[in-house]
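**Student:** Below, each chain spelled out in residue letters.
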Amino acid sequence: GESVGLHLPTLSVQEGDNSIINCAYSNSASDYFIWYKQESGKGPQFIIDIRSNMDKRQGQRVTVLLNKTVKHLSLQIAATQPGDSAVYFCAENKAGGFKTIFGAGTRLFVKA
Amino acid sequence: GAVVSQHPSWVICKSGTSVKIECRSLDFQATTMFWYRQFPKQSLMLMATSNEGSKATYEQGVEKDKFLINHASLTLSTLTVTSAHPEDSSFYICSASSPSWEGTAGEQFFGPGTRLTVL
Numbered sequence: 334g335e336s337v338g339l340h341l342p343t344l345s346v347q348e349g350d351n352s353i354i355n356c357a358y359s360n361s362a363s364d365y366f367i368w369y370k371q372e373s374g375k376g377p378q379f380i381i382d383i384r385s386n387m388d389k390r391q392g393q394r395v396t397v398l399l400n401k402t403v404k405h406l407s408l409q410i411a412a413t414q415p416g417d418s419a420v421y422f423c424a425e426n427k428a429g430g431f432k433t434i435f436g437a438g439t440r441l442f443v444k445a
Numbered sequence: 232g233a234v235v236s237q238h239p240s241w242v243i244c245k246s247g248t249s250v251k252i253e254c255r256s257l258d259f260q261a262t263t264m265f266w267y268r269q270f271p272k273q274s275l276m277l278m279a280t281s282n283e284g285s286k287a288t289y290e291q292g293v294e295k296d297k298f299l300i301n302h303a304s305l306t307l308s309t310l311t312v313t314s315a316h317p318e319d320s321s322f323y324i325c326s327a328s329s330p331s332w333e334g335t336a337g338e339q340f341f342g343p344g345t346r347l348t349v350l
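Just so you know, the sequences run in chain order C and P.
Residues are numbered in this note's numbering as their position in the first sequence, beginning at 1, plus a constant of 333.
Residues are numbered in this note's numbering as their position in the second sequence, beginning at 1, plus a constant of 231.
It should be emphasised that the hints constitute simulated quantities derived from the structure, not laboratory data.
Mixed in with the good hints, there may be bad ones.
Said to hold, decoys possible - Each pair of labels, with its calculated beta carbon distance range:
| no. | chain 1 | residue 1 | chain 2 | residue 2 | range |
| --- | --- | --- | --- | --- | --- |
| 1 | C | Gly349 | P | Leu307 | 16 to 22 Å |
| 2 | C | Asn400 | P | Ser246 | 45 to 51 Å |
| 3 | P | Val234 | C | Gln391 | 35 to 41 Å |
| 4 | C | Ser373 | P | Lys251 | 22 to 28 Å |
| 5 | P | Lys251 | C | Gln378 | 21 to 27 Å |
| 6 | P | Thr248 | C | Val403 | 45 to 51 Å |
| 7 | P | Pro271 | C | Met387 | 30 to 36 Å |
| 8 | P | Leu257 | C | Ser373 | 21 to 27 Å |
As the list claims (entries may be wrong) - The calculated lysine-lysine pairs, modelled on DSSO-like cross-linking and capped at a C-alpha distance of 27 Å, are:
| no. | chain 1 | residue 1 | chain 2 | residue 2 |
| --- | --- | --- | --- | --- |
| 9 | C | Lys375 | C | Lys401 |
| 10 | P | Lys245 | C | Lys427 |
| 11 | C | Lys389 | C | Lys404 |
| 12 | C | Lys432 | P | Lys286 |
| 13 | C | Lys444 | P | Lys286 |
Just so we're clear, the structure is a prediction, and the values are computed from it rather than from any experiment.
Every residue, glycine too, gets a C-beta built ideally from N, C-alpha and C.
Hey, can you work out the whole structure from these sequences and the hints?
**Tutor:** What follows is the structure, encoded as structure tokens:
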């Protein structure tokens, strides 16, 4: 079935470096994409979102890039900090609906 | 921002008993709530979509008689795991959305999750 997936299950970066987490989606009808951060034992926390009419959106230390041609999303975290260590999920929302489908997740380890 | 709470945060029960989990939107009215389950080191899997005042819509493979969902008000949805078994042990997470917010179609606010352990 349709799914949102990730290329890398784990990512280890040095504190202060930039992190890039990638995600592939398969449903071309999706028009809203979200990145969530989940710490152990907690619910997902919204990081940043992007709609399909955009290809880039920036937040505080984070940037989401959307390439609709190849159905690819990425999350860039600048100057990664130990507090960024968590599992990151991309998620897609189908056009006209509220149902959000989550990808597999990438665990980010930040080495001090 | 919008706050969603869950109660209890964790529960341990014996096999065969039923467990009720509450999901509340604290500062907004949620016409739609979602229930997810998450196994260790896995992603969130949508179980059902709950609309206030109507029956929940269950995802394929989710037993509606096993996981009873009630959305009786705009701020409360409950998930009851009936006749729980060890394989039902999981992290259950709810989320809430409200289409009345300008430009917020698709935005969801997640609760902190409920850890269910069935012995």
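**Student:** Give a verdict on every hint.
**Tutor:** Going down the list of hints, with the structure as the test:
no., hint, verdict
1, Gly349/C with Leu307/P: 16 to 22 Å, "violated, 44 Å"
2, Asn400/C with Ser246/P: 45 to 51 Å, "holds, 48 Å"
3, Val234/P with Gln391/C: 35 to 41 Å, "violated, 26 Å"
4, Ser373/C with Lys251/P: 22 to 28 Å, "holds, 25 Å"
5, Lys251/P with Gln378/C: 21 to 27 Å, "holds, 25 Å"
6, Thr248/P with Val403/C: 45 to 51 Å, "holds, 49 Å"
7, Pro271/P with Met387/C: 30 to 36 Å, "holds, 35 Å"
8, Leu257/P with Ser373/C: 21 to 27 Å, "holds, 23 Å"
9, Lys375/C with Lys401/C, "violated, 31 Å"
10, Lys245/P with Lys427/C, "violated, 39 Å"
11, Lys389/C with Lys404/C, "holds, 14 Å"
12, Lys432/C with Lys286/P, "holds, 16 Å"
13, Lys444/C with Lys286/P, "violated, 47 Å"
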